[in-house]
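Using the hints, position chain W against chain G.
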Amino acid sequence: MTMDPVIETKNLSKIFNIGTRERLTLFSDLRYRLSGEYPKRELRALSDINIKVNKGEMVAIIGPNGAGKTTLLRILAGIMAHTAGSYMVKGEVSCVFELGLGFNPRFTAIENVYLYGALHGLTRREMDLKLPSIINFSELGDFMGAKLSEFSSGMRARLAFATVIETLQGIVMIDEILAVGDVSFQDKCAGAIDGILEKGNTILYITHGLDVLRKYNGKALYIDGGNQIAYGDMKEVAGLYERDVSQKKKDLCE
Amino acid sequence: MIWSLAVADYKMRDQGTILGFLWTLLHPLIYFLVLYGLFVKWMGPHISDFPLYLIIGFIQWNFFASGTTSAIMCIFRYGNYIKSINFPKSVLVFSSVLSALFIHLLELLVLIIFWFIIKGHVGFKAVLLIPLLLVNIYLVLSVSFILATLGVYFMDISRIWGIFMNIGIFITPIFYSMDMLSPAKQKIILLNPMTHIIKATRDIMIGNTYPELSGLFYVFLLSSVLLVTGYKMFKAKEGCFVEKI
Numbered sequence: 011m012t013m014d015p016v017i018e019t020k021n022l023s024k025i026f027n028i029g030t031r032e033r034l035t036l037f038s039d040l041r042y043r044l045s046g047e048y049p050k051r052e053l054r055a056l057s058d059i060n061i062k063v064n065k066g067e068m069v070a071i072i073g074p075n076g077a078g079k080t081t082l083l084r085i086l087a088g089i090m091a092h093t094a095g096s097y098m099v100k101g102e103v104s105c106v107f108e109l110g111l112g113f114n115p116r117f118t119a120i121e122n123v124y125l126y127g128a129l130h131g132l133t134r135r136e137m138d139l140k141l142p143s144i145i146n147f148s149e150l151g152d153f154m155g156a157k158l159s160e161f162s163s164g165m166r167a168r169l170a171f172a173t174v175i176e177t178l179q180g181i182v183m184i185d186e187i188l189a190v191g192d193v194s195f196q197d198k199c200a201g202a203i204d205g206i207l208e209k210g211n212t213i214l215y216i217t218h219g220l221d222v223l224r225k226y227n228g229k230a231l232y233i234d235g236g237n238q239i240a241y242g243d244m245k246e247v248a249g250l251y252e253r254d255v256s257q258k259k260k261d262l263c264e
Numbered sequence: 021m022i023w024s025l026a027v028a029d030y031k032m033r034d035q036g037t038i039l040g041f042l043w044t045l046l047h048p049l050i051y052f053l054v055l056y057g058l059f060v061k062w063m064g065p066h067i068s069d070f071p072l073y074l075i076i077g078f079i080q081w082n083f084f085a086s087g088t089t090s091a092i093m094c095i096f097r098y099g100n101y102i103k104s105i106n107f108p109k110s111v112l113v114f115s116s117v118l119s120a121l122f123i124h125l126l127e128l129l130v131l132i133i134f135w136f137i138i139k140g141h142v143g144f145k146a147v148l149l150i151p152l153l154l155v156n157i158y159l160v161l162s163v164s165f166i167l168a169t170l171g172v173y174f175m176d177i178s179r180i181w182g183i184f185m186n187i188g189i190f191i192t193p194i195f196y197s198m199d200m201l202s203p204a205k206q207k208i209i210l211l212n213p214m215t216h217i218i219k220a221t222r223d224i225m226i227g228n229t230y231p232e233l234s235g236l237f238y239v240f241l242l243s244s245v246l247l248v249t250g251y252k253m254f255k256a257k258e259g260c261f262v263e264k265i
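From first to last, the protein sequence lines stand for chains G and W.
In terms of this note's numbering, the first sequence opens at residue 11 and continues consecutively.
In terms of this note's numbering, the second sequence opens at residue 21 and continues consecutively.
Chain G on its own, in the form it takes in the complex:
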């Protein structure tokens, strides 16, 4: 694997100001302005994250809930602004943060696929080319003309996943969405992820499933409370995380 950094962060930090999270009315805003102070309460979501990811690497992002994993991914994807430090992301980013984003139950399956493509910057022509493989992967061939509201949730997930897999390009950022579908479908998904890696794409993957980690060779980033606990070889960091998890369980039981 060549040392070609596609993602690099330097002391990346994010502070949320929860005091003004509520939308104000013009009146209350005026009141705050006149009195000179806005309600302020800070939440340190991320503190000094320093990582370097090379092209083609698979990086798992692990940690307890609320650790800041989603925040980090959203900042790297360009969806959210950071407050301090810097980061560099080279190349196109495909985000998979919500399965079936943009899917509208009133439209048919095919219409939704095209809508998804449009949302992600793909032209109609490009989607025309991808449609057959999407239909193939999702195994929903007969149902493509039906309205999405008639699909079961499992079918919807399959369609969503198939659409996502076929439209991924560049750096892929996934936020724990692969735990759906039956076993055979899960295998298909895992195979698809392998395929993505083989093509040389970089993957950042937030996950709670430690068995996923065992399958791949790569790095892992362990975050807790916004702090970078460990970043390095996947198996080592995963082991560290597991130890911490069982330690916490023991503490709870005592």
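Please note: incorrect hints may appear among the correct ones.
Reference excerpt, derived from the structure (chain W facing chain G, CB under 7 Å, subset only) [said to hold, decoys possible]: (1) S104; (2) I105; (3) A146; (4) V147; (5) F174; (6) M175; (7) D176; (8) S178.
Here are a few chain G residues that sit away from chain W, every Cβ distance over 12 Å (derived from the structure) [to be verified]: (9) V16; (10) I28; (11) N75; (12) R84; (13) K100; (14) S104; (15) G151; (16) I239; (17) A248; (18) G249; (19) V255.
These are calculated hints, taken from the structure and not from any lab test.
Everything numeric in this text was worked out from a predicted model, so none of it was measured.
Using N, Cα and C, we set each Cβ at its ideal position, and we do this for glycine too.
Positioned in the frame of chain G, the structure of chain W alone reads:
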């Protein structure tokens, strides 16, 4: 992307109603009938071609009101997209205006048919309606950017703008004629950009004359100022939208 969002938005509004498409056209027609019935005795003799006069005012106003109002919530409506995909948020504003434009174009079609029926012919000056439409869109867009940005930060913008739109119906010469007012009041009415757009439409359709360029230039200038301000405001705050939804 703008196109897909606008189309999806439009389809959603009309799905589920069998007459969905027709309701779009029925709405201005019903309003027109009510207003006409109320004011014809009073204004009819004073204003030539009152029915046409009235329906022009109504349709043009409707575009401005609905276009700007839908812009207020356009960021929120697509909150889940903003949280998951990186894209220029201005797309949402464009798409909101485009959605209102679809309806407006349909109404314009009805208007032109009306025009043809009443006047018996549609002169070549009808072509002037196109640049007029562009100026109209420009105006709506410029106000929409400001409203969209404010809408993210303040809860009561919808209410406040709603009140403005209500007042607007009265300070725009939709169902009355400007010369019925005192000169002082006329000056105020002329500050309203929609006055000029509606007046220009009427000049073309009723008077069969060229619209006054000074009025339209004023609208263009005003819109430009608003657009530059609004767009800058929007872009500056764009990055923080995610956190507010």
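Outcome of the hint check:
no. : hint : in the structure
1   : S104 : holds, 4 Å
2   : I105 : holds, 6 Å
3   : A146 : violated, 33 Å
4   : V147 : violated, 31 Å
5   : F174 : holds, 5 Å
6   : M175 : holds, 5 Å
7   : D176 : holds, 4 Å
8   : S178 : violated, 11 Å
9   : V16  : holds, 16 Å
10  : I28  : violated, 10 Å
11  : N75  : holds, 17 Å
12  : R84  : violated, 7 Å
13  : K100 : holds, 15 Å
14  : S104 : violated, 10 Å
15  : G151 : holds, 24 Å
16  : I239 : holds, 25 Å
17  : A248 : holds, 27 Å
18  : G249 : holds, 32 Å
19  : V255 : holds, 28 Å
Checked against the numbered hints above, the structure violates hints 3, 4, 8, 10, 12, 14; every other hint is satisfied.
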